[in-house]
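*Asks:* The two chains are supplied separately, each in an independent frame; assemble them into the complex guided by the hints.
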Amino acid sequence: MHSHELAISDLTVSYSQVPALHHIHLKVRCGQCVALLGPNGAGKSTLLKALAGLLPLETGSISFHGHSVQGVTQDFAYLPQRENIDWDFPATVRGLVEMGRFLRVGWWRRYSRRDAAAVDEAIHLMQLEELAHRQISALSGGQQQRTFLARALAQEAHVVLLDEPFTGLDKPNQDNLKGLIGRLRSQGKLVIASHHDLASVPEIFDHVVFLNGELVAAGPVGEVFSEANIQKTYSRRAFAGPHGGHTSHELAH
Amino acid sequence: MNWLTEPFSHEFMLRALLGGMLIGFVNGFVGTFVVLRRMALMADSLSHSLLPGLAIGVLLFGLSTAGLFIGGLSAALMVALGAQLISRSSRLKEDTALAILYTVAFSLGLVLLSFVKVRVSLMHYLFGNILGLSNTDLWVSYTVALVGIPLLAALQRPFLILLFEPAVARSQGVRVGLLNALLSVVLVVTMISSLQAVGVILMLGLLISPAATVYLLCDSFPAMLWGGGAIGLFGTVAGLILSYHVNNLPSGAAIVLVLGGIFFLAYLFSPRYGALRLLRRKRHFHEESLARWPENDSHSSV
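Protein chains in written order, with the working numbering: chain S, 63 to 315; chain R, 14 to 315.
Same shape as in the complex, but just chain R (with noise of 0.2 Å):
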């Protein structure tokens, strides 16, 4: 067992690993909300848009958590309701609206980060590296952690509603707009949480592939939200140990391979709705049919 503990000896490991289990877990957790709403693209958009949020956070305040944090969320923020604009005052559909926006603001945050006089690598914003955490990045996994999950399971009835069935749950009684800016509030500081450790390009992976592989697994919410942040918090821990035994290998690129390896392990053999279960021979779903014309079995028996 010296492989597994071994690495937690090291005081950068150890602060990697406190934070890798909070990312971990709230991605897990906040993507439940993402899948069900379908909204995976929309969270690359806005994740993409942190970008130009960075640069000028850092052209403005240096290399500040604070300005990293206001710099993101206000871009995040700005592409979001930009999007919403466009798509309400033209024919365009949102979609199409996010698509032009996150790319726009991607290319400007590319053409800022090369003007910015403090030696910043643009690596490390889009690939992310766990191992470097500041003391500041761990309080804010924590502040997000401990209000973003509470916040989101008290409201989880509400949201059950919201999900399943968006266009009526107004009638339902839920506060659809409330909810959905909470949402989207909760979305970006999960992912600014998450920059320094797997970056811009691979937070997407960490947000979906645990809810991801729930929703293969089980028909429960409550059991996508908390299993959800449960193979985040162990994809995360897996990614972080793998990476420090294998030479080279970043921290984010290992996160990201552990848990697409957990999802492709529950696409292929989930006992309900993996893809090996097709190739089998179909059950007769409808047991009271059967139940309904037992003798059947014997006519069958040619």
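Okay, chain S solo, but in the shape it has when bound (with noise of 0.2 Å):
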């Protein structure tokens, strides 16, 4: 099985006119579990959005799988924090997974069996079936993070894309999303999730990347998820570049 790699290089993003991430070299591959660490305003978030197509680069490129990724496109899912979603809106368990077969059924073309098949394994990989029925706000805090992965799977993605998804979960749901994302892992999925919790690192994710408006260090756990690195990364102030003043940090939302 060929090995799908996300090759980021030379990475720019700003806000504008500000830099927020500087020239960002990084390699990873499908089947790995990515933890983006590093302290507010770092740059974790931005690296996901700039990575699903959100945000426009102000230099380098992304490249997947040997393409260029041109912002759009449906290997990538990307999860966005869980406050700024409507919960109130009127959608289903089952309604959002479906949304996630909208990339790959194209705007108006009738919806297969193989679609639905699509979410129904979703629904069932994600332990939501009982759920299925109930609107999104009726979930408990763990359940509306499941039913966003089962969209991300139903959609097919290679890429997984989570900020923050720990934040705001109980013991026993953190346990739950670590296995669903070891599923997710053991599928070849790539997950690329910003972390904060430094404890629980190395349960959850197989690889690190240290980030500090750039990139201080990334690569396996084993090696690279060292207190050498962790101090490196939190001590100092966040990378502002050479226009001084403000610091990213203080930029950051």
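Rather than coming from a laboratory, the hints here were simulated on the basis of the structure.
Idealized CB from N, CA, C, for every residue including glycine.
Take the hints with a grain of salt, since some may be wrong.
[Unchecked claim] Quick list of the computed label-pair ranges, beta carbon to beta carbon: (1) LEU73(R) <-> ALA179(S): 56 to 64 Å; (2) SER103(R) <-> ASP150(S): 45 to 53 Å; (3) ARG171(S) <-> ALA236(R): 16 to 24 Å; (4) TYR296(S) <-> ALA167(R): 37 to 45 Å; (5) ILE113(R) <-> ASP150(S): 45 to 53 Å; (6) GLY75(R) <-> ALA200(S): 39 to 47 Å.
[What the hints assert, rightly or not] Partial pick of chain S residues on the chain R-facing surface, computed with a CB cut under 7 Å: (7) ALA114; (8) LEU116; (9) TYR140; (10) PHE151; (11) PRO152; (12) THR154; (13) MET161; (14) PHE164; (15) LEU165; (16) TRP169; (17) TRP170; (18) GLN197; (19) ALA261; (20) PRO264.
[To be verified] Interface residues of chain R toward chain S, partial, derived using beta-carbon atoms under 7 Å: (21) GLU19; (22) ILE113; (23) ALA167; (24) ARG170; (25) PRO171; (26) ILE174; (27) GLY186; (28) VAL189; (29) ASN193; (30) SER197; (31) PHE234; (32) TRP239.
*Replies:* Right, here's the structure in full:
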């Protein structure tokens, strides 16, 4: 099996001309589970959004499997932070998972049996069968998280981008999510998640990326997840480039 | 049943019925997009900014539907685009810019109308008169309904993603700019087609309340679209019949009152999201947790 590679080279992303990420070089592969680590304002969310095609790239490029990723691709699934979602939206669990198929089905072609089967399977894998017809605000935080993961599965995305997926989950739900992320990895997906709880990194992820406005270190947990790198990443202010003045820490939303 | 059919033995009532059904349905359908996109305030601004466009249309082309149409469309688009321009080129947010622009446009409309030589009643534009629908008005309504509704219905899926996650839709391959522009155009055209029936002030009620009603009743986007249309249609027809039977009851006000009444019924009595549900003993939402501890029942009965 050819392992898909996501390659980021010389990536700079800016918010109104102030760079939040500086010249990032990074290579990760499908089947890996990558933690983005760094203090607030280090550019974790920015990197995820850039990968999802939601932010313009100031310099550099992103390629997946040898092809340039021009913003939009069905190979990527992005799960925003939970507070950015309108939970009162008229959608059920199943309806939300079906949205993942829209990219595959096209805007007006008929829903085939295959699409329905993909939705069924995603719902099954995320253990949501009994909740399928429930409105999304009537779910617990963990169930909501699973619903969005099911949508990524239905989309048959290869790269799943998660923004702080463990925030706001209680311990049992965190454990559950941990298992589900492991399941995505065993299906050959590349999971990239921003994360702030350093203690749980080794049990959830196999790769880490330390960010602090620039890339501090990246690699397998065993080699790179060291006290020295943690110190290096968290002890100094986020690199704000040659502009001085503001730190990107202050500029982060 | 005579009181129901008798009004429509008059030709002007039959015309109003045909036009009203279309206008009501289109407004209820389009309203869903406005409610879920949270642009009710913007819709209000757009409807008010139709007024100077109408005045200019009358000044330039006289009292013709085409003139009104072009004038209204360009004025509404200028306010919408102008607000975007101001919000992007200054620190002001779009709602602030809209509020300034539409009140200025509305005032300009009032001033211009006072110069109009043709005898037009301001009241007519403000509150509409569905009994005065002309053939051209009907044709405009038909065109809007036959082009706008199938277009929006065919684009349901990308719209659903756009409405649910406006910030993320682009990463899902949705042409966000195109859909937003399309929605604005359909919205303005819908408003112009409703102008004759309910007027500048009341059209927002016809647009928003059907969709808001269904939003309180169900959790399905397609149901909101078609249900909103159905309620809009029903409310318009009911308001029309009501205004026929009650002396001096203006038709536009009657329609909005009926729709408002339906909305408040849903607000109070909706089984799922009605306000009275809050007064009832709260049901345990997570049945699975109850199922896990069935012995809870025996403990609690002390």
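*Asks:* If a hint holds in the structure, say so; if it does not, say that too.
*Replies:* Hint-by-hint comparison with the structure:
Judged by the Cβ atoms, the range 56 to 64 Å given for LEU73(R) and ALA179(S) holds: they are separated by roughly 60 Å. Range check, SER103(R) to ASP150(S): Cβ separation about 32 Å, and the 45 to 53 Å hint is violated. Between ARG171(S) and ALA236(R) the beta carbons are some 22 Å apart, a value that agrees with the proposed interval 16 to 24 Å. Take TYR296(S) and ALA167(R): their Cβ atoms lie about 51 Å apart, and the range 37 to 45 Å is violated.
Between ILE113(R) and ASP150(S), the C-beta spacing of about 30 Å breaks the proposed range 45 to 53 Å. In this structure, GLY75(R) and ALA200(S) break the distance hint of 39 to 47 Å, their C-beta atoms being roughly 57 Å apart. Evaluation of the ALA114(S) hint against chain R yields a held restraint, the C-beta minimum of about 4 Å falling below 7 Å. Taking 7 Å as the C-beta cut-off, the interface hint given for LEU116(S) holds, the closest approach to chain R being about 5 Å.
Here the hint on TYR140(S) is kept, as its CB sits about 5 Å from the closest CB of chain R, short of 7 Å. Given hint, PHE151(S) at the interface with chain R, holds; its Cβ is 5 Å from that chain's nearest Cβ, closer than 7 Å. Residue-level restraint check for PRO152(S) holds (minimum Cβ-Cβ distance to chain R is 5 Å; threshold 7 Å). For the restraint placing THR154(S) at the interface with chain R, the shortest Cβ-Cβ distance is roughly 6 Å, inside the 7 Å limit, so the hint holds.
Proximity of MET161(S) to chain R holds as hinted, the smallest CB-CB distance being about 6 Å (cut-off 7 Å). Hint status for PHE164(S): holds, given a least beta-carbon distance of 5 Å to chain R, under 7 Å. With its C-beta approaching chain R no nearer than about 5 Å, LEU165(S) sits inside the 7 Å limit, and its interface hint holds. Evaluation of the TRP169(S) hint against chain R yields a held restraint, the C-beta minimum of about 5 Å falling below 7 Å.
Checking TRP170(S) against chain R: minimum C-beta separation of about 5 Å stays under 7 Å; hint holds. With 7 Å as the threshold, the beta carbon of GLN197(S) comes within range of chain R, its nearest partner Cβ sitting at about 4 Å, so the hint holds. For ALA261(S), the interface hint is violated, since its Cβ never comes within 7 Å of a Cβ in chain R; the closest pair sits about 28 Å apart. A cut of 7 Å between beta carbons decides the hint on PRO264(S): the least distance to chain R is about 30 Å, and the hint is violated.
Below 7 Å, beta-carbon pairs count as interface contacts, and GLU19(R) has none with chain S, the closest being about 39 Å; its hint is therefore violated. Hint status for ILE113(R): violated, given a least beta-carbon distance of 24 Å to chain S, over 7 Å. Given hint, ALA167(R) at the interface with chain S, holds; its Cβ is 5 Å from that chain's nearest Cβ, closer than 7 Å. The interface hint given for ARG170(R) is met, as the beta carbon of that residue sits about 5 Å from the closest beta carbon of chain S, less than 7 Å.
Because the beta carbon of PRO171(R) sits about 5 Å from the nearest beta carbon in chain S, less than 7 Å, this interface hint is met. Satisfaction of the interface hint for ILE174(R) is found here, the shortest Cβ-Cβ separation to chain S being roughly 6 Å, below the 7 Å cut-off. This hint holds: GLY186(R) has a C-beta 5 Å from the nearest C-beta of chain S, less than the 7 Å allowed. Given hint, VAL189(R) at the interface with chain S, is violated; its Cβ is 11 Å from that chain's nearest Cβ, farther than 7 Å.
Hint on ASN193(R) is violated. Least Cβ distance to chain S is approximately 16 Å, over the 7 Å limit. The interface hint given for SER197(R) is violated, since its Cβ lies 19 Å from the closest Cβ of chain S, which is over the 7 Å cut-off. Nearest Cβ of chain S to the Cβ of PHE234(R): about 6 Å, under the 7 Å cut. The hint holds. Checking TRP239(R) against chain S: minimum C-beta separation of about 13 Å lies over 7 Å; hint violated.
When the structure is compared with the earlier hints, violations turn up for hints 2, 4, 5, 6, 19, 20, 21, 22, 28, 29, 30 and 32 and for no others.
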